[in-house]
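Protein chains in written order, with our numbering: chain A, 763 to 877; chain B, 101 to 214.
Keep in mind that the hints were calculated from the coordinates and are not lab data. Cβ coordinates follow ideal geometry from the N, Cα and C atoms, glycine included.
DSBU-like cross-link-like pairs, simulated, lysine-lysine; straight-line CA separation at most 30 Å:
# : chain 1 : residue 1 : chain 2 : residue 2
1 : B       : Lys171    : B       : Lys137
2 : B       : Lys142    : A       : Lys827
3 : B       : Lys137    : A       : Lys769
4 : B       : Lys137    : B       : Lys157
5 : A       : Lys827    : A       : Lys769
6 : B       : Lys137    : B       : Lys158
7 : B       : Lys137    : B       : Lys122
8 : B       : Lys171    : B       : Lys157
9 : B       : Lys142    : A       : Lys769
Using C-beta positions, here's what the derived DEER-type ranges look like:
#  : chain 1 : residue 1 : chain 2 : residue 2 : range
10 : B       : Lys158    : A       : Pro847    : 42 to 48 Å
11 : B       : Ser126    : A       : Gln790    : 33 to 39 Å
12 : B       : Val154    : A       : Asp788    : 26 to 32 Å
13 : B       : Ser209    : A       : Gly822    : 22 to 28 Å
14 : B       : Gly155    : A       : Val765    : 32 to 38 Å
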Amino acid sequence: SAVISQKPSRDICQRGTSLTIQCQVDSQVTMMFWYRQQPGQSLTLIATANQGSEATYESGFVIDKFPISRPNLTFSTLTVSNMSPEDSSIYLCSVDRDGSTDTQYFGPGTRLTVL
Amino acid sequence: GENVEQHPSTLSVQEGDSAVIKCTYSDSASNYFPWYKQELGKRPQLIIDIRSNVGEKKDQRIAVTLNKTAKHFSLHITETQPEDSAVYFCAASIESGGSYIPTFGRGTSLIVHP
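Bound-form chain B, shown alone:
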């Protein structure tokens, strides 16, 4: 089955700095890669996603890149703010029976210091 590795497990930055979280996956059949943000005590919320036919996608301060050949994808957050502090999960999804089943990374705890 799919295996997703996520690094780092903890990331501490100063407000205004950039943050980068990296993930690798093992199954070349994975073709959809969502990123979720989970604040303490809350549900995971989708923040950005990328499909395998796209190399990069940007939404305001958040961007995701995908390298299918190397099987890795990354989340970039620029101009970080304290409200960006949360756990971020990457996922690699494979289509199964009409739905995409994600395999999640272990998560990155991002701490943004004011």
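Okay, chain A solo, but in the shape it has when bound:
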């Protein structure tokens, strides 16, 4: 499976500010995915990021709130904009392994607390 890293691993932010989360993969992948996991909850897909095109957002998530960049085949960023305490969650990126596109592998996550 791919080696996936995320930065930062955790952060505490003030409401109204924005945080950009980075996801780095050690091999080229076509699709990268961003998930949110609220405390004690399941994984909810925010958007799918394909290199060279606009991200595709799931119902309930909008680009103005969660802008995503995908500048190359090994890197993506998710920004959480104008944060409120309700945005406190773990944010995870994932990839599907090229050559076997059915399984998703997750990064270690970014634990965000908004005060």
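Given chain A, put chain B in place with the hints provided.
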């Protein structure tokens, strides 16, 4: 869209007992069903998966069964050990644009008592 129901939400067993977690899905187009284990503070890790052309798959103490007609699939863990304690998520995946997009269940917190 796809809807995945997972039961139970919490499962407490004695070491050595078996544990069964059940999931149902709604979209008959789903054809890939992974199971993830998430330990406290860690990322979800794939433990086993099954594709729609297979009814059962086993890997040591873990097995998964799939009933496509009834749209349900289950995870079976035998001879449970304390290190099996974690949250387990089932997922049903549909192919989209060359990738499989999973919809996750709400998770089962498995507690194995020594």
